[in-house]
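Chain A is already provided as a structure; the job is to place chain B on it using the hints.
2 protein chains.
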Amino acid sequence: MAGLAKGLAIVEAFTAHRSQLTVTDAAKATGITPAAARRCLLTLRELGYLQQDGGYFRPTPRMMRLGAAYLEAAGLPSLAQPFVLAARDELTESVSVAVYEDGSALIVARAEVQRIVNTGVRLGAQMPAYASASGRVLLTGLSEAELESYLESCTPVRTTPNTLMTIPEIRSRIELARVEGVAFTNEELELGVRSMAVPVTDSSGAVRAAMTASTFTARASIDEMRGKFLPVLRRQAEGLSRML
Amino acid sequence: MAGLAKGLAIVEAFTAHRSQLTVTDAAKATGITPAAARRCLLTLRELGYLQQDGGYFRPTPRMMRLGAAYLEAAGLPSLAQPFVLAARDELTESVSVAVYEDGSALIVARAEVQRIVNTGVRLGAQMPAYASASGRVLLTGLSEAELESYLESCTPVRTTPNTLMTIPEIRSRIELARVEGVAFTNEELELGVRSMAVPVTDSSGAVRAAMTASTFTARASIDEMRGKFLPVLRRQAEGLSRML
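Each protein sequence line maps, in turn, to chains A and B.
Each residue of the first sequence is one higher than the last, beginning at 1 in the working numbering.
Each residue of the second sequence is one higher than the last, beginning at 1 in the working numbering.
Bound-form chain A, shown alone (with noise of 0.2 Å):
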């Protein structure tokens, strides 16, 4: 079986910045070795995963179909879906809901407004989970252990100024979000973004998604999104909590 996990590697090898990969490129973005990257490579393009032009190997439509898997077969994908919608329309900002995947707030449910510019934010798309309000949120699901094992292997990386570089302030800023339940980024994961996040929970208690509305600071302050954004997250995400 150590094709199917090497050629899962190459998969998710293809983001936005490597949209078309060379058999190096493959090797040296998953550790394979060159030969064993062109096998992959080779397989998933009979299997008509990848298209070939001249050296580089590029996703076609079909690669979509594994991860429909999870959208089609999860419920929360769908029980969100109307929720996202509800608070979208209510909110004019874009609005998603994000599960904890592996150190990352991965988004599973999305509705967006129409901007000349956006936050270029999709579903399928991972954030870190220190850095973003949906992160820090689904960070206070994790137990004592979890959450110190997560931290101790966490690096931060600079993408703003306001980026928080320090494993005691990230700690703080996630204790904060499990007293008040609520979590924003102020420009930290990217410059002129603002984000609001509050926890999904499931009849027991515990945190299983966070909801979130992002926004460009020209249009909202942090307070401001405290006065209008957070009574619509909560109620919509109370909502979707009901269901699980």
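There may be inaccurate statements among the hints.
Unchecked claim - Partner residues aside, some chain A positions facing chain B, computed with beta carbon under 8 Å:
#, residue
1, 5
2, 11
3, 14
4, 40
5, 48
6, 59
7, 69
8, 74
9, 82
10, 85
11, 99
12, 112
13, 123
14, 124
Keep in mind the hints are simulated off the structure, nothing from the lab.
Glycine included, C-beta positions come from ideal geometry on N, C-alpha and C.
Just chain B now, kept in the frame of chain A:
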């Protein structure tokens, strides 16, 4: 590399109707031996793509990373997003962009309106090409030989009393779509739903995708859709076409 092909076949076997699979189910759905299916399921579980509950395996959110590769790396989904959002806002109906993939119209971009009941079509969903408005538009993009070969292998499945069940009827609707530059379905795929689709072409004039709006029969007749939907769909599809 046989392991990779088998593993991906199992990933694709999870759907809304088969949200969890046993070893026996997975073997049956994919034509793989139970022993090989079991090895694939266990490997996928070890890699974090499946969770196991007794004898049942279910997709985890990590599965979405596999589909995200196409969404992030391919140009079309990102380019299409502003145009489907604009069309949705003008029509207050859900709008999709689909590409042709192995006999199906596969949705790669979508903007939804909020409704109590929605059509349940989502990103990554596949509809049979012969029976859907998007599919009929996409089939106009095949060469004569490809279209004949598709129609030869096509076995219509009745899903409503209106489903077209003969190849000559289907062929004539595809020819009409080629001449008129628009295709529609009138409760042929799903009772109560009407759809209208127009082609998205690249600079060489080749059909690359279809842009589709769907509505409930109570909301608009086909004539009303021609009057109200068609100009909007054409304008947005042309906007997208200019970028390809």
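* Asked: Of the hints given before, which are not true for this structure?
  -> none
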